[in-house]
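Chemist: Sequence:
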Amino acid sequence: MEEPDAEEVRRLKEAIGALAAIKDDEACAKAISVVLEDWPDLHADLRKLRQERVQRLKQSGLTWKQVGALLGRDGVTAARAQQIATGLRGAKRPPKKAGESPPAE
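Under this note's numbering, the first residue of the sequence shown carries the number 6, and numbering increases by one thereafter.
Calculated directly from the structure, the hints in this document are not laboratory data. We treat Cβ as the ideally placed atom computed from N, Cα and C, and that holds for glycine.
Distance condition first, Cα-Cα at most 25 angstroms in a straight line; then the derived DMTMM-like pairs of lysine to aspartate or glutamate: (1) K28 x D43; (2) K53 x E19; (3) K18 x D29; (4) K63 x E13; (5) K53 x E42; (6) K53 x D43; (7) K35 x E19; (8) K18 x D43; (9) K63 x D50; (10) K53 x E12; (11) K35 x D50; (12) K53 x D79; (13) K70 x E57; (14) K18 x E42; (15) K18 x D50; (16) K18 x E31; (17) K18 x D46; (18) K63 x D79; (19) K18 x D79; (20) K53 x E13; (21) K35 x D46; (22) K18 x D30; (23) K28 x E42; (24) K18 x E57.
Here are the simulated distance ranges between beta carbons: (25) A84 x D30: 43 to 51 angstroms; (26) V40 x A11: 15 to 23 angstroms; (27) R78 x L24: 22 to 30 angstroms; (28) A74 x D30: 42 to 50 angstroms; (29) V39 x T91: 29 to 37 angstroms; (30) L67 x I37: 37 to 45 angstroms; (31) K70 x I27: 37 to 45 angstroms; (32) G92 x T68: 13 to 21 angstroms; (33) C33 x A74: 34 to 42 angstroms; (34) E57 x E12: 14 to 22 angstroms; (35) A36 x Q64: 38 to 46 angstroms; (36) D29 x A83: 42 to 50 angstroms; (37) A25 x R94: 26 to 34 angstroms; (38) A32 x Q60: 38 to 46 angstroms.
Working from the sequences, and respecting the hints, build out all of it.
Modeler: In structure tokens:
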């Protein structure tokens, strides 16, 4: 089994570091903006991939507790592993109150 900081995780972190290392502020801000524009789809893709893999781990005969122990650096509970397998997302931020506007620029 791979460590949590497998090669792919390390490369993703290096890519983020490469964005931070862009010397030109305008170029850096633009590059990060492009990534952030794509992030919702990338995040959804990662959640779906994790869901599929968690389902396969369970189908291989592992208990939910065992599956949960494999997730993240410190693992997750059996209940959370089962939620991931069914596609349930974690807690969300509370909804904005009516009339609340985003912070001023």
